[in-house]
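**Q** Take a look at the letters that make up each chain.
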Amino acid sequence: MKLTYKFNNDEKRIDIERLDYLTPNSTEIYVREGDTIYVKDNDYLYINQLIKESTSGIKSYATVSGNVELENGIIKVNNDKSDSSFVSEEALDDIKDVKKEEIIKRCESLGIDYENKLIVNKLKGNSRLLIVNAMDVEPYQFNNNYLFQDNVKELLETIELLAKRFNIDAYLLLNKYDDNNVNAVKGVINNYQDVNLKVIEDVFPYNTNQIVAKKFFKEYKYGDILFLDSFALYKIYFAIKNGLPVSERYITVNLGDPNKAYVIKTKYGANVGEIIKEIIKIDYSDRDIYLNNFMRRVKCDNLDSLIVTDNIKSIFIFPKENIVPSKCIKCGKCVDICPVGINPLAPKLDSSCIRCGLCNFVCPANINLISKEK
Amino acid sequence: MKKGFFSKNKVLGINMLYVLSVLPLIIYGFYKNGILVYQNGFMSLFLSLQYLVIPIIIIALSYVFEIYYYMGIKKEEGTSSVVNSIIPYINVLCYLVCAPNDYLWLTIPLIVILDILIKFIDKYVTINQIALFKCLLVGIMTLIGNLEYANLYEASLTTQVTEPSLLFLGNGIGAIGTTSTLCALIGYIILLFNSYYKKEIPIVAFIGYAIVSVIIYFVGGLSFNDILVNTFNSGIIFALVYVASLSTATPVVRSGRIIYSLVLGVLGAVMVNILKLNIGVYIVILVLGLLTPLFDKFKLSLGE
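Respectively, the protein sequence lines represent chains L and R. When we follow the numbering used here, the leftmost residue of the first sequence carries the number 489, and every step to the right adds one. When we follow the numbering used here, the leftmost residue of the second sequence carries the number 187, and every step to the right adds one.
Same shape as in the complex, but just chain R (with noise of 0.2 Å):
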């Protein structure tokens, strides 16, 4: 059929450029607790294909659960609302913030539960799927005691890596896809191609985590290592880049995405440094992504 005018289908592409931009992630978070913790010994080469298994069955429950939600559920005609979804996307990136061990699988049902959740309420609040999923996680862990971000490798090592350039590679302990400050930009690069990415967002948020951050340096009394370590062990990079521009849970209007920013780098560099809570920035997302109504609402005082 010769395409039509308006057949774009551009939601489909910007959903393509998203999940290209999570490869990067998704393959070295493989690499980091999968294949490195198998050579050395702390895990069998069929239990480290997890880390690729996992994303994947990831992204096909989204589409079985999506399918059964439009086509079911809302008895749609087409198949437009579920290949433009953007919630495999989103699933994936919920599984990138888990943490490398044992109750890595019971992940999958949680992160299908808030899917069902989140279809139901997301008329009425504007929620970080993400960030939400991530506070969640880290409560349940705590509760049940197994707070514990480190792979099996990484538990049985005597010291901790803490050398900022390492760390920038993504060396640190942390969550499966957070820990590559390097990945995270390349996959910033690529979503920079992506005309509908919020782009703003990472770059407005991490100049006020840096004047913060700073301005700690200097009045704080926390070392410039100190500070470039807390940086990258809380996987800001990350976060600002995927969870914090999430488009669903973000302002609209420009004005209001650059205070949204503001407000979250700032009240993220608090968190980290100050607090020493690096799952205060995903909770700084998840407030922030409620207030998204307010922060629409600067585009006439900021005189647009």
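Pulled out of the complex, with its shape left as it was, chain L reads as follows (with noise of 0.2 Å):
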């Protein structure tokens, strides 16, 4: 499948191979001092049972069956592969009906989260405009296209219902050349009357929930803005739905290749290394792995620690290479290009920095701008 994709004003076409991995050998969870811990050393688990909950009240749960095996802060679940799982009592057949109360308390019953805060917490607030970005912020994701495209009707239906019963504005925001996605939306869009869409171009950076805000709905606040994406929308869809926690989350995966990434389907908790060996068998041992932005050069030195979390959207598995700066030749590229028009130069980073690293991408002496040794 290709995905037409724009970069720097670089427009490119993208081979994506979609890929399951929904049976890993195990799923871990790692535990934060204050974690109320559910589980005891060799406990059976079902999928969906709870396993822990952190002081903020998110909660996480078992997304493969099996055996507890408690260590160094960490809770394993050894995957027995029977694919045991808890089936609520509350499911519903529609979602059409639910009250404002009723979509509160499984939100908040559940404890799920979005960008590691609790989303019944959003959704109590005094938000005018509800904006759900269907597009993968950073570059080279396509986690939220794949998300929505898989769920389209369950997604807009969720939309609608949170406009409605939140009483407030509600787009949704596709990418211009998603045309799977968006001429999906638009051959049904009509029966969704409280769902405005607006299909812009997935620039990196200026997708970002900063830069949309100014630059199409000036006319809210900033705080005035639920800003959700695909998978906390299928979150609050599947809470409200099914009365569980969603077990599976899709992560991009890009080998060096600009023109080629794979998006994988697993669980969370997966271990990441587990994945890469067994569904792409490619050996990393010997490559530079950087995690949901190469441009912020932000190294993963051991890939066999990292498990599948919300904060772990992509991987990207470059040659390995010595980076060496030479010195900076003051062309004032990093300037021009800043999103935000900071001067990436200063010795002092200015805190409106939305840390996107196109200034590191762009920069012909290889220097790490938004690094602290600068």
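Calculated from the structure, these hints are not laboratory results. Please note that a few of the clues may not be correct.
[As the list claims (entries may be wrong)] List time: in silico DSBU-like cross-link candidates among lysine-lysine, alpha-carbon distance up to 35 Å:
id	chain 1	residue 1	chain 2	residue 2
1	L	Lys808	R	Lys261
2	L	Lys641	L	Lys664
3	R	Lys260	L	Lys664
4	L	Lys748	L	Lys584
5	R	Lys385	L	Lys702
6	L	Lys569	L	Lys769
7	R	Lys260	L	Lys702
8	L	Lys836	R	Lys309
9	L	Lys702	L	Lys748
10	L	Lys528	L	Lys564
11	L	Lys706	L	Lys569
12	R	Lys462	L	Lys815
13	R	Lys260	L	Lys836
[What the hints assert, rightly or not] Computed far set for chain R versus chain L, every beta-carbon distance over 12 Å:
id	residue
14	Pro210
15	Ile213
16	Leu290
17	Ala341
18	Asp412
Treat the numbers as computed from the prediction; the structure is a model and nothing was measured. Each residue gets a CB set at the ideal place from its N, CA and C atoms; glycine is no exception.
Could you fit the two chains together into a complex? Lean on the hints.
**A** Here it is, written out as structure tokens:
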């Protein structure tokens, strides 16, 4: 499947291969100080069974079934591959008539989160506008696109429901070049009177929340906007419809070829190293690995200790190279390209920096401008 | 080795384009000050070759200097700083602003001394090395009483060529690489292919220069021909294309670059047309280069 996508104003047509890895050997959850743990060593867990709750109320669930192993601050569930699962008695046939209080109750009881904050707190706020961004904000990521494509009807229903129950304007943002989603939504959008469709160019970083709000929704204060991505919206849908947490997520893997990417559907907590070895079948021991946005140049030293969470959206496995910065030639490209209009050459980085990494990407001298040791 | 995602080494590519852009000037300088002078019997063929040999020596010396500095003094392991150095390009430009006279060989040590000096002070101040070199050179030549831009053939002529179309080609008296506006424009076209070249500086500065020149024409009593002659003889196009747009000594913020260029064009026109100081353009570039940090502050006020 090919998807047209714009990066740094260059239009690219990327061949995307979709893969599934839904039976990992085990899943892991990191325990942090203050977390309440609901399982013991050797317990047998079903899929969707509560494992722990953080101090902020975010809950983590088993995404595979099997026995628990507790060691060194990690809760490991060894997958018996039976897919034994809890079925909620609160499942609904239809979400159309669900009341506002019920939406809040279901999201609250499941402790689902978006950007490490409880979704229920966002819903309870005084937002005047809901924006669902069905694009991936960071470059060369296609997780949101595909989750939306797989659940168009369900997600549109959820936007419509939230708009009605919370009495707010609702916009769905789609990538202009994503023909599949744009055509699918345009075909049914008339059935969802409260959902406004906005088709924009998916040009990084002009699809980030801050810039989208500034560019297209000037009449709203930034604080009055409730931003959600496809995953957060899907979590809300699943909580309302099935009374259960979502156990699967997509990650994008890129091997250094700008024209080819893999989008892998897998389980929360699955080991990323295992996924790469089993599905893509490459040896990454002599590669440079970057997480989420390669332009930030945040390297991952050990892929084998990395697990799938909402914070791991894409993995870039590049040929190993020694990046040696040379002396700045003061060409000013970093200043010209900065989407928030700051000077990345300043000794102290401006607080409005969104850390998009574009300055790093255009720098001819390979200087890491957003690192502290500039 | 397979090319990595970040293995772009764009600076080397940038420097190659810079060097390519000065080739027409070097070749024309060799033709005008070497071949033509030899053909008119004022110089041996061997001596005329100095106008090709000196830039090659300067490039070689620049790399020796950079290797010694980065690998000898700074103890860097890789060669990237040497390969990516912009110093050879700057030093060739320094050669091109020299007068084609007997003292030409003495400029080589001056270029090297300036390289050493700049290495120590460029952390603290933004200095346009070419403009500084030119000002020092003119100062020294004035002190020793030898500020003469005519080559041996030109010095023998009783009248100067002042027809503007010939001056555009580069037939006027001037420094080795600065007389030919045509070659400078060819260089500018080459530099347009370099996306890291600050291409708006020569355009905006020339607009500023042209506006002030027109005002002077109407109110200052200069004829149109005088203004054209002043423009071509001062090597203003060379100065704007190569010296004023030197990336290391110009503002990084676009609005700052525009203001810098306008001020440069206006003051340059005043220097050349009113004060009759051809070196004035270089003095303005040197001073404005020192003020680069101030120009970079124009960003906020212009609401970029």
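**Q** Give a verdict on every hint.
**A** Status of each hint after checking the structure:
With a C-alpha separation of about 24 Å, the suggested pairing of Lys808 (chain L) with Lys261 (chain R) holds against the 35 Å cut-off. At most 35 Å may separate the alpha-carbon atoms for a hinted pair to count; Lys641 (chain L) and Lys664 (chain L) meet this at roughly 19 Å. For the given pair, Lys260 (chain R) sits about 51 Å from Lys664 (chain L) by alpha-carbon distance, which is inconsistent with the 35 Å threshold. In summary, the hint linking Lys748 (chain L) to Lys584 (chain L) is not supported, as the alpha carbons are separated by about 39 Å, beyond the 35 Å threshold.
Using a Cα cut-off of 35 Å, the hinted pair Lys385 (chain R) and Lys702 (chain L) holds, with the two alpha carbons roughly 30 Å apart. A threshold of 35 Å between alpha carbons decides the hint, and for Lys569 (chain L) with Lys769 (chain L) the separation of about 21 Å falls inside it, so the pair holds. This hinted pair does not check out: Lys260 (chain R) and Lys702 (chain L) have alpha carbons roughly 46 Å apart, beyond 35 Å. For a cut-off of 35 Å, the pair hint linking Lys836 (chain L) to Lys309 (chain R) stands: about 16 Å separates their Cα positions.
For the proposed pair Lys702 (chain L) and Lys748 (chain L), the alpha carbon gap of about 32 Å is at most 35 Å, so the pair holds. Between the alpha carbons of Lys528 (chain L) and Lys564 (chain L) the distance comes to roughly 11 Å, so the proposed pair stays at or under 35 Å and holds. At most 35 Å may separate the alpha-carbon atoms for a hinted pair to count; Lys706 (chain L) and Lys569 (chain L) exceed this at roughly 50 Å. The suggested pairing of Lys462 (chain R) with Lys815 (chain L) is violated, with an alpha-carbon distance near 38 Å, which exceeds 35 Å.
At roughly 25 Å between alpha-carbon atoms, Lys260 (chain R) and Lys836 (chain L) fall within 35 Å of each other, so this suggested pair holds. No Cβ of chain L comes within 12 Å of the Cβ of Pro210 (chain R); the nearest lies about 23 Å off, and the non-interface call holds. Against chain L, the non-interface label of Ile213 (chain R) holds: every CB pair exceeds 12 Å, the least being about 26 Å. Distance check on Leu290 (chain R): its Cβ is at least 29 Å (rounded) from any Cβ of chain L, clearing the 12 Å threshold; non-interface status holds.
Its beta-carbon lying about 40 Å from the closest one in chain L, Ala341 (chain R) satisfies the requirement of being farther than 12 Å from that chain. For Asp412 (chain R), the requirement that its beta carbon stay farther than 12 Å from each beta carbon of chain L is met, with the minimum near 37 Å.
Hints 3, 4, 7, 11 and 12, counting from the list given before, are not met by this structure.
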